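> So the chains spell out like this:
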Amino acid sequence: MKRALLAALLSASLVPLPAADRHTPRDFQARRGLVVAAHPLAAEAGRDMLKAGGNAVDAAVAAAFALNVVEPFASGLGGGGFMVVYLAAQKKTTVISFREKAPAAATPSMFAERGEAAEEWKSERGTAVAVPGMLAGWDLALRTYGTRSLAQTAARAIELAEKGFPVSPTFSAINKDEYEKLLKNAGEESVYLNQGLPYEPGDVFRNPDLARTLRTIAEKGAREFYRGELADRIAAAVRAHDGLMTVDDLAAYQAREVEPLRGGYRGLEIATVPPPAAGGLHVLQLLRIMEAWPVRKWGPGSVASLHHLSEAMRFIFAGHGRTMGDPEAVSIPMDELLSADYAAGIAARIRPDRTAGAYPVTASDPAKDRRENTTHLAVVDKDGNIVALTQSINDFFGSGIVPEGTGFLLNDHMRDFDTDPASPNAPGPGRRPVSSMAPLIVFRDGRPWLALGSPGGLRIFPTLVQIISNIVDHGMGLDEAIEAPRFFSSSGEGKAKPLAIESRFPEAVRKGLEALGHKLDVKEAYDKYFGGAQGLMLPARGKRLWGGADSRRDGSGAGY
Amino acid sequence: MKKILLSGAALSLLLAAAAMPSAAQTALFEQPALITSAGQSADVQIASVQARKAGLRSVLIKAAGPKDLASAKTLVLVLGASLKGLGAAGLDTPKEKERVASLLAEAKAKGIPILVLHLGGEARRGDLTDEMAAAYLPAARMAIVIKSGNKDGLFTRICQAKGVPLKEIEKTLDLVEPLKQAFK
Numbered sequence: 028m029k030r031a032l033l034a035a036l037l038s039a040s041l042v043p044l045p046a047a048d049r050h051t052p053r054d055f056q057a058r059r060g061l062v063v064a065a066h067p068l069a070a071e072a073g074r075d076m077l078k079a080g081g082n083a084v085d086a087a088v089a090a091a092f093a094l095n096v097v098e099p100f101a102s103g104l105g106g107g108g109f110m111v112v113y114l115a116a117q118k119k120t121t122v123i124s125f126r127e128k129a130p131a132a133a134t135p136s137m138f139a140e141r142g143e144a145a146e147e148w149k150s151e152r153g154t155a156v157a158v159p160g161m162l163a164g165w166d167l168a169l170r171t172y173g174t175r176s177l178a179q180t181a182a183r184a185i186e187l188a189e190k191g192f193p194v195s196p197t198f199s200a201i202n203k204d205e206y207e208k209l210l211k212n213a214g215e216e217s218v219y220l221n222q223g224l225p226y227e228p229g230d231v232f233r234n235p236d237l238a239r240t241l242r243t244i245a246e247k248g249a250r251e252f253y254r255g256e257l258a259d260r261i262a263a264a265v266r267a268h269d270g271l272m273t274v275d276d277l278a279a280y281q282a283r284e285v286e287p288l289r290g291g292y293r294g295l296e297i298a299t300v301p302p303p304a305a306g307g308l309h310v311l312q313l314l315r316i317m318e319a320w321p322v323r324k325w326g327p328g329s330v331a332s333l334h335h336l337s338e339a340m341r342f343i344f345a346g347h348g349r350t351m352g353d354p355e356a357v358s359i360p361m362d363e364l365l366s367a368d369y370a371a372g373i374a375a376r377i378r379p380d381r382t383a384g385a386y387p388v389t390a391s392d393p394a395k396d397r398r399e400n401t402t403h404l405a406v407v408d409k410d411g412n413i414v415a416l417t418q419s420i421n422d423f424f425g426s427g428i429v430p431e432g433t434g435f436l437l438n439d440h441m442r443d444f445d446t447d448p449a450s451p452n453a454p455g456p457g458r459r460p461v462s463s464m465a466p467l468i469v470f471r472d473g474r475p476w477l478a479l480g481s482p483g484g485l486r487i488f489p490t491l492v493q494i495i496s497n498i499v500d501h502g503m504g505l506d507e508a509i510e511a512p513r514f515f516s517s518s519g520e521g522k523a524k525p526l527a528i529e530s531r532f533p534e535a536v537r538k539g540l541e542a543l544g545h546k547l548d549v550k551e552a553y554d555k556y557f558g559g560a561q562g563l564m565l566p567a568r569g570k571r572l573w574g575g576a577d578s579r580r581d582g583s584g585a586g587y
Numbered sequence: 030m031k032k033i034l035l036s037g038a039a040l041s042l043l044l045a046a047a048a049m050p051s052a053a054q055t056a057l058f059e060q061p062a063l064i065t066s067a068g069q070s071a072d073v074q075i076a077s078v079q080a081r082k083a084g085l086r087s088v089l090i091k092a093a094g095p096k097d098l099a100s101a102k103t104l105v106l107v108l109g110a111s112l113k114g115l116g117a118a119g120l121d122t123p124k125e126k127e128r129v130a131s132l133l134a135e136a137k138a139k140g141i142p143i144l145v146l147h148l149g150g151e152a153r154r155g156d157l158t159d160e161m162a163a164a165y166l167p168a169a170r171m172a173i174v175i176k177s178g179n180k181d182g183l184f185t186r187i188c189q190a191k192g193v194p195l196k197e198i199e200k201t202l203d204l205v206e207p208l209k210q211a212f213k
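From first to last, the protein sequence lines stand for chains A and B.
Under my numbering, the residues of the first sequence are numbered 28 to 587, in order.
Under my numbering, the residues of the second sequence are numbered 30 to 213, in order.
Note that these hints are calculated values from the structure, not bench results.
Check before you lean on any hint, since a few could be wrong.
[What the hints assert, rightly or not] Example chain B residues on the side facing chain A (calculated, C-beta under 10 Å, incomplete): (1) Arg86; (2) Ser87; (3) Ala164; (4) Glu199; (5) Leu204.
[What the hints assert, rightly or not] Not close to chain A: a few residues of chain B, all C-beta gaps over 12 Å, as computed: (6) Val88; (7) Gly109; (8) Gly149; (9) Pro167; (10) Thr185; (11) Gly192; (12) Lys213.
Predicted model only: the values in this text are computed from it and were never measured.
Beta carbons: idealized from backbone N, C-alpha and C, even for Gly.
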């Protein structure tokens with residue numbers, strides 16, 4: 028009887044308690060393996076791969092394939108990303124980098140010469156599309172560290188694409204947001220519109236073209252995408268929209284394995300992704316600056332905390348535009364940017380009683396970036412292997428261009444290049460644009476303790492730092508830390524941009540910030556502007572795994 | 030004429046209180062219509078496409094100003110705040126509110142009736158959209174909203190308080206028929 032009761036309790040513990048509303052913090056729990064992703068069906072696809080004996084890499088790719096179907100507006104075959112992998116047996120952490128590349132015909136002035144139309148050419152024309160790296164990255168990860176084939180990991184996604192699934196309010200809202208672009212580039216008959224209109228919540232979304240594409244990839248491998256008929260269709264679609272990509276660009280694409288970027292915070296070690304991702308670097312920079320401050324004493328959501336962190340963000344952004352680029356094309360002073368002196372130099376310029384007012388001048392203006400795109404998932408398997416994977420097609424629904432008959436969207440990651448030809452992040456042949464992505468794994472006493480990541484464009488690194496601080500400094504649980512109110516600030520052209528805050532910050536905090544000189548930009552209570560983080564925690568004691576998934580989108584977890 | 034319209038509005042109001050209102054039995058609006066946004070969400074594009082399908086003569090100007098009402102006989106105001114849309118239009122919240130206020134003032138001065146639409150459903154509710162609903166709905170002659178966006182009864186409460194006929198539809202696909210009925 029006792030055993031039955033215990034079994035019932037253990038079984039029940041795998042399912043989170045019902046939440047008061049979708050935003051009430053709730054941690055997903057599991058004992059052997061756990062997946063968190065931006066859609067429950069993707070988390071389940073990963074969980075089922077784990078249960079079938081796949082490892083964390085297999086499950087991550089299965090969930091990633093599924094996301095292409097159920098969250099097609101945020102990532103998919105037409106995009107790219109970064110994956111941090113921890114291999115428990117070897118105690119090794121590595122990074123698979125599959126960031127997109129500019130076509131060979133790209134030039135530094137290709138957007139500047141478009142004048143006021145530059146943004147359109149960077150986001151909604153064929154010139155917006157960079158050579159996709161997604162499938163090459165998944166394939167490299169599987170071949171190097173997985174135990175399953177592309178075909179096995181794509182199986183659930185194919186099933187979902189064929190059978191369909193009910194559209195969520197999040198999907199519907201984003202579909203409506205991007206309606207104009209989809210009408211223009213995908214057309215009224217596109218699978219991404221329902222009788223020429225955006226999908227409503229509850230409508231069933233099916234994507235038979237994507238199912239067919241995935242079957243082709245399952246049969247013929249990634250080579251079909253880069254050198255086969257799919258490559259022909261991709262290049263044709265890009266060029267039909269005034270783009271530059273050729274089949275040779277696709278044939279030349281290669282994902283790569285690189286060393287992680289490492290740093291720390293209050294005795295913890297952090298492994299994240301190196302440039303061309305700037306997000307990882309900025310996470311480490313901001314945390315290093317914060318180490319000098321009594322953040323715990325200030326308290327979560329306090330005026331002092333928001334003031335100091337937002338000022339630090341402004342100084343970091345001031346350096347961003349001047350130093351970041353593709354490390355194969357420009358020299359990035361990484362040692363200097365990660366040094367104690369650099370952090371101390373910024374901390375010394377932050378006054379406790381008012382905003383600095385002036386910041387080093389940079390040409391870019393991060394405040395203009397309102398993109399909420401991208402997606403993040405994390406997996407831990409029964410052996411303790413971990414994957415933190417952030418991937419994207421850039422803007423929601425990418426460029427809106429769908430290669431004929433394929434059912435997947437092409438990215439607009441050329442938009443991540445600077446328009447200014449003199450920028451270290453100017454486009455050029457084969458260059459990889461700077462990314463804000465920052466999947467990461469945090470280690471405590473040499474053991475993996477937290478895997479984390481988020482979408483959200485330039486808000487990614489501030490969001491991740493706030494979550495880490497909420498856990499480390501303020502003792503919050505994982506999902507509590509994820510759901511806590513967020514803020515974001517930046518500088519551009521030497522001036523402070525408004526401090527964006529979720530409306531849940533109390534009036535007293537807002538007034539306190541205004542008294543220090545901050546101009547506020549109050550967002551919604553739970554605003555996906557600030558990202559949609561997913562994370563896993565592996566406490567040192569006890570065997571339970573914890574997962575947190577962001578309610579700002581459709582985050583969910585599935586374990587066993 | 031005014032009395033007839035008021036009677037129609039009162040009747041519609043009673044129906045709005047019931048589960049399925051049928052507000053637009055009598056045409057309340059004339060063509061051509063100026064379709065514009067309050068909040069710059071892409072929902073305004075949906076309104077324009079459905080107006081075309083309903084056979085209405087209309088012009089879509091997402092960030093219309095008072096001068097754009099010159100040849101319009103109806104103002105269709107599509108509620109829905111979008112950060113992305115505001116950014117793309119080069120507007121911020123205060124500027125958008127100012128623009129819509131000036132447009133409504135011009136419509137009132139010219140006696141142009143206003144049809145308010147909320148097509149984003151539950152996901153297009155939020156602080157700014159709700160604020161705009163409270164500010165602009167009272168000026169409407171009629172409102173059509175997606176049912177899921179009115180789960181908490183916000184639109185019903187405002188419309189009942191101000192005597193504005195309210196029509197709920199399930200989906201944006203269902204917008205064509207009420208538009209046909211509402212326009213002469």
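> Are all beta-carbon distances from Pro167/B to chain A longer than 12 Å?
It holds; Pro167/B is separated from chain A by about 24 Å at its closest Cβ, greater than 12 Å.
> Over 12 Å from every CB of chain A: does Lys213/B meet that, or does the non-interface label fail?
Lys213/B clear of chain A: closest Cβ-Cβ about 25 Å, beyond 12 Å.
> Please verify that hint: Ala164/B, Cβ, nearest Cβ of chain A, below 10 Å or not.
17 Å, violated
> In terms of Cβ atoms, is chain A entirely out of 12 Å range of Gly149/B?
At about 6 Å from chain A, Gly149/B fails to clear the 12 Å cut-off, so the statement is violated.
> With d taken as the least Cβ-Cβ distance between Gly109/B and chain A, does d exceed 12 Å?
8 Å, violated
> Grab the minimum beta-carbon distance between Thr185/B and chain A and tell me whether it stays above 12 Å.
20 Å, holds
> Going by Cβ atoms only, is Glu199/B closer than 10 Å to chain A?
8 Å, holds
> With chain A as the partner, please determine if Arg86/B meets the hint condition of a C-beta pair closer than 10 Å.
Violated. Min distance 20 Å.
> Given Ser87/B was flagged as interface, is its beta-carbon under 10 Å from a beta-carbon of chain A?
Cβ of Ser87/B sits 16 Å from chain A, so the hint is violated.
> Over 12 Å to the closest beta carbon of chain A is the bar; see if Gly192/B clears it.
29 Å, holds
> For Val88/B, is the shortest CB-to-CB distance to chain A above 12 Å, so the non-interface label stands?
16 Å, holds
> Tell me if Leu204/B is really an interface residue toward chain A, meaning its C-beta lies closer than 10 Å to one of theirs.
9 Å, holds
Consistency with the previously given hints fails for numbers 1, 2, 3, 7 and 8, ordered from lowest to highest.
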